[in-house]
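From first to last, the protein sequence lines stand for chains A and B. Residue numbers for the first sequence follow my numbering, so the first one is 1 and each next one is one higher. Residue numbers for the second sequence follow my numbering, so the first one is 1 and each next one is one higher.
Accuracy of the hints is not assured; some may be wrong.
To be verified - Calculated lysine-lysine pairs in the DSS-like style (CA-CA distance at most 27 Å, straight line):
no., chain 1, residue 1, chain 2, residue 2
1, B, Lys-16, A, Lys-426
2, A, Lys-218, A, Lys-152
3, A, Lys-420, B, Lys-16
4, B, Lys-16, A, Lys-187
5, A, Lys-426, B, Lys-33
6, A, Lys-83, A, Lys-173
7, A, Lys-420, B, Lys-9
8, A, Lys-423, B, Lys-103
9, A, Lys-423, B, Lys-16
10, B, Lys-16, A, Lys-409
11, B, Lys-64, A, Lys-406
12, A, Lys-420, B, Lys-33
13, A, Lys-423, B, Lys-33
14, A, Lys-426, B, Lys-28
15, A, Lys-249, A, Lys-205
16, A, Lys-406, B, Lys-16
17, B, Lys-28, A, Lys-409
18, A, Lys-409, B, Lys-9
19, A, Lys-280, A, Lys-152
20, A, Lys-420, B, Lys-28
21, A, Lys-423, B, Lys-9
22, A, Lys-257, A, Lys-218
23, A, Lys-423, B, Lys-28
24, A, Lys-426, A, Lys-409
Stated by the list, open to error - Pair by pair, the computed Cβ-Cβ distance ranges are:
no., chain 1, residue 1, chain 2, residue 2, range
25, B, Gly-38, A, Leu-380, 51 to 57 Å
26, B, Gly-38, A, Phe-513, 24 to 30 Å
27, B, Glu-67, A, Arg-530, 53 to 59 Å
28, B, Glu-73, A, Lys-423, 26 to 32 Å
29, A, Ala-477, B, Ala-13, 37 to 43 Å
30, B, Glu-67, A, Ala-477, 33 to 39 Å
Hints in this document: simulated from the structure, not taken from any laboratory. All of these numbers come straight from a predicted model, not from anything done at the bench. Built from N, CA and C at the ideal position, the CB exists for glycine as well.
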Amino acid sequence: MSTTNGEHDGRWAFVNGNNTPRIARISLSTFRTEEIIEIPNSSGNHSSPFLTENSEYAVAGTRFSYPMDDDDSNPDVGIDSYKKNFKGTVSFIGIDKETGRMGVSFQVMLPGVNFDLSRGGRGPSKDWFFFSCYNTEQANTLLEVNASQKDKDFIMALNWKKCEEYAKAGKGKKSKVRYAHNVYDEKTHTATSTIETETIVLDPKELKDIVYFMPCPKSPHGCDVDPTGEYICGSGKLAAVIPVFSFAKIQKAIADKSFEGEFDGIPVLKYDAVLHGEVKKPGLGPLHTEFDGKGFAYTSFFVSSEIVKWNIEKLEVVDRVPTYYSIGHLSVPGGPTRKPHGKYVIAYNKITKDRYLPTGPELTQSAQLYDISGDKMKLLLDFPTTGEPHYAEAIPASLIQSKSVKIFKIEDNHHPYVSKGEKEAKVFREGNKVHVNMTSIRSHFMPDNIEGVKLGDEVYFHVTNLEQDWDVPHGFAIKGANNAELLIMPGETCTLKWVPDRVGVVAFYCTDFCSALHQEMQGYIRVSPRGSNNPLTFSTGNKAEPTGATK
Amino acid sequence: MNLPTPLNKDWVATGKATYDLKCLACHKLSDEKLVGPGWAGVTKRREPVWIMNMITNVDMMLEKDPEAQKMLEECLVRMPNQNITQEDSRKLIEFMRSNDGEK
Numbered sequence: 001m002s003t004t005n006g007e008h009d010g011r012w013a014f015v016n017g018n019n020t021p022r023i024a025r026i027s028l029s030t031f032r033t034e035e036i037i038e039i040p041n042s043s044g045n046h047s048s049p050f051l052t053e054n055s056e057y058a059v060a061g062t063r064f065s066y067p068m069d070d071d072d073s074n075p076d077v078g079i080d081s082y083k084k085n086f087k088g089t090v091s092f093i094g095i096d097k098e099t100g101r102m103g104v105s106f107q108v109m110l111p112g113v114n115f116d117l118s119r120g121g122r123g124p125s126k127d128w129f130f131f132s133c134y135n136t137e138q139a140n141t142l143l144e145v146n147a148s149q150k151d152k153d154f155i156m157a158l159n160w161k162k163c164e165e166y167a168k169a170g171k172g173k174k175s176k177v178r179y180a181h182n183v184y185d186e187k188t189h190t191a192t193s194t195i196e197t198e199t200i201v202l203d204p205k206e207l208k209d210i211v212y213f214m215p216c217p218k219s220p221h222g223c224d225v226d227p228t229g230e231y232i233c234g235s236g237k238l239a240a241v242i243p244v245f246s247f248a249k250i251q252k253a254i255a256d257k258s259f260e261g262e263f264d265g266i267p268v269l270k271y272d273a274v275l276h277g278e279v280k281k282p283g284l285g286p287l288h289t290e291f292d293g294k295g296f297a298y299t300s301f302f303v304s305s306e307i308v309k310w311n312i313e314k315l316e317v318v319d320r321v322p323t324y325y326s327i328g329h330l331s332v333p334g335g336p337t338r339k340p341h342g343k344y345v346i347a348y349n350k351i352t353k354d355r356y357l358p359t360g361p362e363l364t365q366s367a368q369l370y371d372i373s374g375d376k377m378k379l380l381l382d383f384p385t386t387g388e389p390h391y392a393e394a395i396p397a398s399l400i401q402s403k404s405v406k407i408f409k410i411e412d413n414h415h416p417y418v419s420k421g422e423k424e425a426k427v428f429r430e431g432n433k434v435h436v437n438m439t440s441i442r443s444h445f446m447p448d449n450i451e452g453v454k455l456g457d458e459v460y461f462h463v464t465n466l467e468q469d470w471d472v473p474h475g476f477a478i479k480g481a482n483n484a485e486l487l488i489m490p491g492e493t494c495t496l497k498w499v500p501d502r503v504g505v506v507a508f509y510c511t512d513f514c515s516a517l518h519q520e521m522q523g524y525i526r527v528s529p530r531g532s533n534n535p536l537t538f539s540t541g542n543k544a545e546p547t548g549a550t551k
Numbered sequence: 001m002n003l004p005t006p007l008n009k010d011w012v013a014t015g016k017a018t019y020d021l022k023c024l025a026c027h028k029l030s031d032e033k034l035v036g037p038g039w040a041g042v043t044k045r046r047e048p049v050w051i052m053n054m055i056t057n058v059d060m061m062l063e064k065d066p067e068a069q070k071m072l073e074e075c076l077v078r079m080p081n082q083n084i085t086q087e088d089s090r091k092l093i094e095f096m097r098s099n100d101g102e103k
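Work out the full structure: start from the sequences and follow the hints.
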């Protein structure tokens with residue numbers, strides 16, 4: 001979620017797509033996706049979309065490294081040439097301060113490993129970003145075993161401010177790529193899709209002071225930054241300790257060149273030189289840490305099924321509660337900001353087993369809500385949920401409420417096929433395309449009887465919801481539209497394409513309960529045979545007169 | 001409420017535009033009921049203040065006003081709040097007066 005000065009500002013939420021690497025930006029005033037940008041030079045967008053302190057950038061790290069040659073294509077090489085040919089990238093997606101519009105600002109080319117999770121710095125560390133890396137063994141097969149050989153993998157510390165300077169100074173290489181950038185326009189209620197063809201790639205082998213590796217035990221998942229920005233907590237999935245790194249020590253180690261060597265041209269800092277300390281025997285399988293802003297950290301433990309509360313400064317465990325079962329991620333409202341809202345932690349679990357009623361081989365996911373306002377964590381609620389959200393965030397409703405859009409003003413609707421009132425509703429033909437500019441209001445469509453459509457036509461229903469009251473959407477569905485129907489918000493226009501594949505009269509209807517007469521909210525469209533002379537007519541009620549309208 | 005004649009022609013025009021956009025789907029200008037009652041004669045049947053309250057504050061009216069509640073029993077569809085300002089509702093009154101033959 002977007003932040004200003006490291007605190008929630010209630011403007012946007014961001015979501016990553018892994019398999020088709022991309023980031024979506026969602027407006028918190030409409031709860032709508034306003035923009036989706038595909039990430040070039042990436043395979044599995046996992047460490048994403050974490051943000052910088054003022055939401056200057058969202059990051060996108062490739063989970064899987066893969067062969068990238070100088071043209072940043074994916075060349076035809078042997079899979080066992082991982083060490084030689086495979087590379088990773090992390091991308092910085094710029095976010096416009098006012099509009100939120102995104103763009104791929106620059107990418108950093110990195111050695112072939114897996115990039116897992118990430119967090120932006122804050123306060124003193126605000127110019128830095130941290131990424132957990134595993135498979136530093138660079139295995140290309142049976143990673144379950146082969147990527148678990150070393151005692152330590154890495155957390156990568158990256159100075160994004162410096163990267164930004166280098167990118168602006170032209171120190172990057174222009175890479176020819178193809179990626180889609182889709183933007184939704186709230187005024188026209190439509191989206192545009194653009195294919196972009198270039199990114200800037202920075203090489204840390206040449207630009208020596210932008211990336212450092214820090215050894216971290218073992219196959220780290222979370223690498224979470226505390227509210228002060230001084231501590232970075234690693235969570236080695238296979239480790240028996242929680243290592244806590246100190247940002248001040250990292251800066252000193254870099255200045256002193258306290259390196260234990262290099263990994264594929266990137267300096268590796270000495271573990272002891274950057275370590276604040278280790279939490280000993282915290283539990284089994286640490287995954288993710290959140291914070292309450294009072295000096296305590298809350299880490300989820302998958303293997304031992306618990307949340308452990310510990311003191312960041314003293315590295316001492318102070319409390320632990322069981323979760324049901326095998327917790328993955330957890331969420332403290334505002335936990336990843338400079339000012340956590342505190343009070344609660346939510347456990348999102350990977351395994352449900354016996355919690356809820358039987359529903360066949362798959363059960364709903366389980367979650368628990370705990371009160372963390374006192375010294376001891378207290379279970380408040382055990383509830384079923386959908387999925388196990390990773391890095392879910394929660395914020396007070398008051399940050400969103402005043403900005404929440406209740407209706408789209410019909411006067412401001414600039415959709416090219418809007419009907420501003422029933423008088424503007426019409427049906428017209430452009431070749432084999434039939435456009436139906438339709439209105440809906442409790443509880444009828446205008447028009448609701450349409451004739452003159454022929455087999456071979458493509459019908460576009462442009463439905464405008466004339467309502468101007470909160471929470472009164474109308475729906476639109478028609479048989480034969482096999483993969484979509486519409487849900488139209490008050491004041492909005494949506495389009496559904498329908499290609500009839502047989503002759504006959506077909507019903508359409510409202511799919512969102514709207515009034516006592518919702519069940520009556522329906523209409524018919526007649527499809528005549530190819531070549532039929534049946535004229536195009538439309539009406540609602542007894543008054544409307546047939547018209548043979550063409551544009 | 002002050003209802004001077006002759007009618008304000010600009011208000012009648014603005015009122016008609018609002019009617020076309022936000023009211024016509026349910027109200028005819030004759031006395032025929034569509035979803036809601038036809039508008040013919042409405043300015044004779046109702047106080048203008050009552051009409052403006054229905055337009056701008058329909059939820060309160062349906063909760064408290066016996067006449068409004070009677071209409072709901074007849075129509076069975078709650079009149080939607082169409083987000084019309086008080087100023088625009090006054091212009092709708094002007095359009096209704098014109099529809100009822102006032103000059």
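Now the hints, each set against the structure:
1. B/Lys-16 x A/Lys-426: holds, 20 Å
2. A/Lys-218 x A/Lys-152: At roughly 5 Å apart (the allowed maximum being 27 Å), A/Lys-152 and A/Lys-218 satisfy the hint.
3. A/Lys-420 x B/Lys-16: holds, 13 Å
4. B/Lys-16 x A/Lys-187: holds, 25 Å
5. A/Lys-426 x B/Lys-33: holds, 23 Å
6. A/Lys-83 x A/Lys-173: Satisfied, since the Cα-Cα distance of roughly 23 Å is no more than 27 Å.
7. A/Lys-420 x B/Lys-9: holds, 23 Å
8. A/Lys-423 x B/Lys-103: holds, 25 Å
9. A/Lys-423 x B/Lys-16: holds, 12 Å
10. B/Lys-16 x A/Lys-409: holds, 18 Å
11. B/Lys-64 x A/Lys-406: Distance of about 24 Å is within 27 Å: holds.
12. A/Lys-420 x B/Lys-33: holds, 22 Å
13. A/Lys-423 x B/Lys-33: holds, 18 Å
14. A/Lys-426 x B/Lys-28: Roughly 19 Å between the alpha carbons, so the hint for A/Lys-426 and B/Lys-28 holds.
15. A/Lys-249 x A/Lys-205: holds, 23 Å
16. A/Lys-406 x B/Lys-16: holds, 25 Å
17. B/Lys-28 x A/Lys-409: Judged against 27 Å, a Cα distance of about 23 Å means the pair holds.
18. A/Lys-409 x B/Lys-9: Answer holds: A/Lys-409 to B/Lys-9 is near 26 Å, not above 27 Å.
19. A/Lys-280 x A/Lys-152: holds, 16 Å
20. A/Lys-420 x B/Lys-28: holds, 17 Å
21. A/Lys-423 x B/Lys-9: holds, 22 Å
22. A/Lys-257 x A/Lys-218: Holds: A/Lys-257 and A/Lys-218 sit about 24 Å apart, inside 27 Å.
23. A/Lys-423 x B/Lys-28: Status holds; Cα separation ~12 Å.
24. A/Lys-426 x A/Lys-409: holds, 21 Å
25. B/Gly-38 x A/Leu-380: 51 to 57 Å: holds, 56 Å
26. B/Gly-38 x A/Phe-513: 24 to 30 Å: Hint holds: Cβ distance 27 Å, inside 24 to 30 Å.
27. B/Glu-67 x A/Arg-530: 53 to 59 Å: holds, 56 Å
28. B/Glu-73 x A/Lys-423: 26 to 32 Å: holds, 30 Å
29. A/Ala-477 x B/Ala-13: 37 to 43 Å: holds, 38 Å
30. B/Glu-67 x A/Ala-477: 33 to 39 Å: Since the Cβ atoms of B/Glu-67 and A/Ala-477 sit about 38 Å apart, the hinted range of 33 to 39 Å holds.
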